[in-house]
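Given only the sequences and the hints, what does the whole structure look like? Please build it.
There are 2 protein chains.
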Amino acid sequence: MSTDGGSLSTSTFGEGQIYSLEEIHRFIKDCVMAVETPENYAQIFASCLTEADYKGHYCEGLNKLVSYIDEIRQGGCNPSANPEILKESPVTAWVNGNNGLGVVVSNFCMNLAIKKAKDSGIGWVVAKGSNNFGIAGIYSVKALEEGLLGMSFTNGSPMVAPTRAMEGALGTNPISVAAPGLNGDSFVLDMATAAAAEGKIEMLSRKKMPVPIDWANPKTGALRPLGGHEPNSNYKGFGLAFFVEVICGILAGSAYGPNIRRYGNLGQIANLGHCFVAINPVYFAPGFEERLSDLLNFIRNMQPADPDKPVMVPGDREREHMATVDQEGGVHYCRDLIESCNNLAESLNVLPLSPLG
Amino acid sequence: MSTDGGSLSTSTFGEGQIYSLEEIHRFIKDCVMAVETPENYAQIFASCLTEADYKGHYCEGLNKLVSYIDEIRQGGCNPSANPEILKESPVTAWVNGNNGLGVVVSNFCMNLAIKKAKDSGIGWVVAKGSNNFGIAGIYSVKALEEGLLGMSFTNGSPMVAPTRAMEGALGTNPISVAAPGLNGDSFVLDMATAAAAEGKIEMLSRKKMPVPIDWANPKTGALRPLGGHEPNSNYKGFGLAFFVEVICGILAGSAYGPNIRRYGNLGQIANLGHCFVAINPVYFAPGFEERLSDLLNFIRNMQPADPDKPVMVPGDREREHMATVDQEGGVHYCRDLIESCNNLAESLNVLPLSPLG
Chain A
0 MSTDGGSLST STFGEGQIYS LEEIHRFIKD CVMAVETPEN YAQIFASCLT
50 EADYKGHYCE GLNKLVSYID EIRQGGCNPS ANPEILKESP VTAWVNGNNG
100 LGVVVSNFCM NLAIKKAKDS GIGWVVAKGS NNFGIAGIYS VKALEEGLLG
150 MSFTNGSPMV APTRAMEGAL GTNPISVAAP GLNGDSFVLD MATAAAAEGK
200 IEMLSRKKMP VPIDWANPKT GALRPLGGHE PNSNYKGFGL AFFVEVICGI
250 LAGSAYGPNI RRYGNLGQIA NLGHCFVAIN PVYFAPGFEE RLSDLLNFIR
300 NMQPADPDKP VMVPGDRERE HMATVDQEGG VHYCRDLIES CNNLAESLNV
350 LPLSPLG
Chain B
0 MSTDGGSLST STFGEGQIYS LEEIHRFIKD CVMAVETPEN YAQIFASCLT
50 EADYKGHYCE GLNKLVSYID EIRQGGCNPS ANPEILKESP VTAWVNGNNG
100 LGVVVSNFCM NLAIKKAKDS GIGWVVAKGS NNFGIAGIYS VKALEEGLLG
150 MSFTNGSPMV APTRAMEGAL GTNPISVAAP GLNGDSFVLD MATAAAAEGK
200 IEMLSRKKMP VPIDWANPKT GALRPLGGHE PNSNYKGFGL AFFVEVICGI
250 LAGSAYGPNI RRYGNLGQIA NLGHCFVAIN PVYFAPGFEE RLSDLLNFIR
300 NMQPADPDKP VMVPGDRERE HMATVDQEGG VHYCRDLIES CNNLAESLNV
350 LPLSPLG
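Just so you know, the sequences run in chain order A and B. Counting from 1, position 47 in the first sequence corresponds to residue 46 in numbering that gives the first Met the number 0; the numbering is continuous, with no gaps. Counting from 1, position 77 in the second sequence corresponds to residue 76 in numbering that gives the first Met the number 0; the numbering is continuous, with no gaps.
Quick caveat, the hints were computed from the structure, so don't treat them as lab data. Owing to the predicted nature of the structure, the values given are computational and were not obtained by experimental measurement. Check each hint, because a few of them may be wrong.
For identical chains, the list gives no copy identity; a pair is met inside one copy or between any two copies.
[Claimed, not checked] Pairs of lysine-lysine residues, derived as DSS-like cross-links and limited to a Cα-Cα distance of at most 27 angstroms, are as follows:
#1 K207 x K63
#2 K218 x K207
#3 K218 x K308
#4 K206 x K218
#5 K206 x K63
Below, the structure written as structure tokens:
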């Protein structure tokens, strides 16, 4: 249900064989078309999941495919549904996703926000009736590619405990912000408001490694908000998660907080809420891109505490990962994931994923 | 230069005598008028500082008065300057604060954002050429009082170290978001994106208490971003501080990041950047206030890990503090602060602060 603030985090699916991005895209598209997703929507869906792995946000890439397919098969999501605009002004829109694919609803909304920002300075679009949208950074970057500031947010299944509470009541509610610098450089923040996204904790469990006490409550398993514990200001992480819920579920009239289905209840309708914002810098001070690049480069060139760990800015980790993928010709996946994809391929009568060389 | 995420923090100026809000307001207004601030601006200034103490954000209330007066005397700020609109559309504005009082510039900008949101759904206003604006929550709450969602942000002197860096490059860059619930209830987040605002650290130093290693680098004194250290995701706090700089300094064309004057250089022009947003919920799904109140109350009623520490939502701590002030008839200040105010009163030839009863 969430992306994670991977700007300086590392995640890998191990040292398995390499799969090209084209082949990953082909496989995901075939699988989702096999459960009656129209081709144009399957194309968007495959691009979003492939992009997540390309950027190194493995929790939200191929790793989630099996659960997306299960959700469609169990009737939790209708992959052929079309999003519709319920209310609109030159700078705002309220959209009903009609329980379609989250990535389809979100692409629709962000395109609308971009158009409004180009025409009128700002685009602020919220959706109800949606589903998991993958990584938040995909949508903010769409605005960036048009020379705009982009922001995207979503609510999700309740798994983060408010400060002092035992149980989860909010999603990992990610925040993504992207802004253009000079010559293709950019600022791209994509972070869960939890201390750690649930995908990271799933991966630790898979590796039989202990979960840090600052990431989850050992008694209930509820995730901690950013900050970890109260003396380390976790009420700020909780406040940010609540803020995201305000501009998603509360503003869009979707399910919200504890009313959202529990994580993994794939047959139940999720009715998630998202928020997408595009801002046209031309409406403000000239020289936006120059100033942003100057700040990005100043920070990259700062003296690090540890000479082996250079200072990075949000987006650098993903750029580094994409460069590695480009160099190696594709993405490494661990055997465990490939086995589950092979089982999926068999059950859907789809050509399995084929490694490079 | 910053507010702090006081939603669950406690801060007090000790067990000294009690001063009524009216007397605090009178004293602040007299002092700032004594350094040639026009009465209408002195009124706004005194209201903002008094409000900070009323809410329990003592770092930004009377505590900062001496440094504001020093700044005006040293020519760092022109208290009679009027803000002006440089560029405007139905939903956006770019304002030059002309080096006026930060609270005056910010009131002007938030009023403009509110008007735009009422007329056209959204108001997005940024300012350059401004100064310290006190607590961010004052401006977001102005929108809330008009039935709107409000947000306010500012950059500040470089004192927060990016993840892995030794020295500070960004301000404590606060985020405030306020949203209306039913019957006067509300969500009010007001947080620094640093692990702890510099005011909290100043107070520890004043009390000769050690500063936690997760709050500041012991070698350089640079503040840590929210999260504290890298394994606890402090790159998210750094990313949020950078985001605030993007929509303040970078968007408004003010000074930004390391170009802002160092903390305490009161004679130098600060040229701060702020951002104010108002959103009209009427343009989205009906029932905003009902949903928000439902979520606020659900969370307040959750089972706490410690029965003596009830679960609270952002804004509850301030409400609690304001109720105490109302009950006691005013605010407690410590002797140290009152002494510095008495010295100020003498040097300005102003009637000193007079305690209750």
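Going down the list of hints, with the structure as the test:
Taking CA atoms no more than 27 angstroms apart as the test, K207 paired with K63 passes inside one copy only; the shortest distance there is 20 angstroms, against 52 angstroms between copies. Within a single copy, K218 and K207 get their C-alpha atoms as close as 17 angstroms, which meets the 27 angstroms cut-off; across copies the closest is 37 angstroms, which misses it. For a Cα distance limit of 27 angstroms, the shortest separation of K218 from K308 across copies, 18 angstroms, qualifies, whereas the shortest one inside one copy, 35 angstroms, does not. For a Cα distance limit of 27 angstroms, the shortest separation of K206 from K218 inside one copy, 20 angstroms, qualifies, whereas the shortest one across copies, 37 angstroms, does not.
When the C-alpha separation of K206 and K63 is checked against a cutoff of 27 angstroms, the pair qualifies only within one copy, where the shortest distance is 18 angstroms, while the shortest distance between copies is 52 angstroms.
No hint from the list above goes unmet by this structure.
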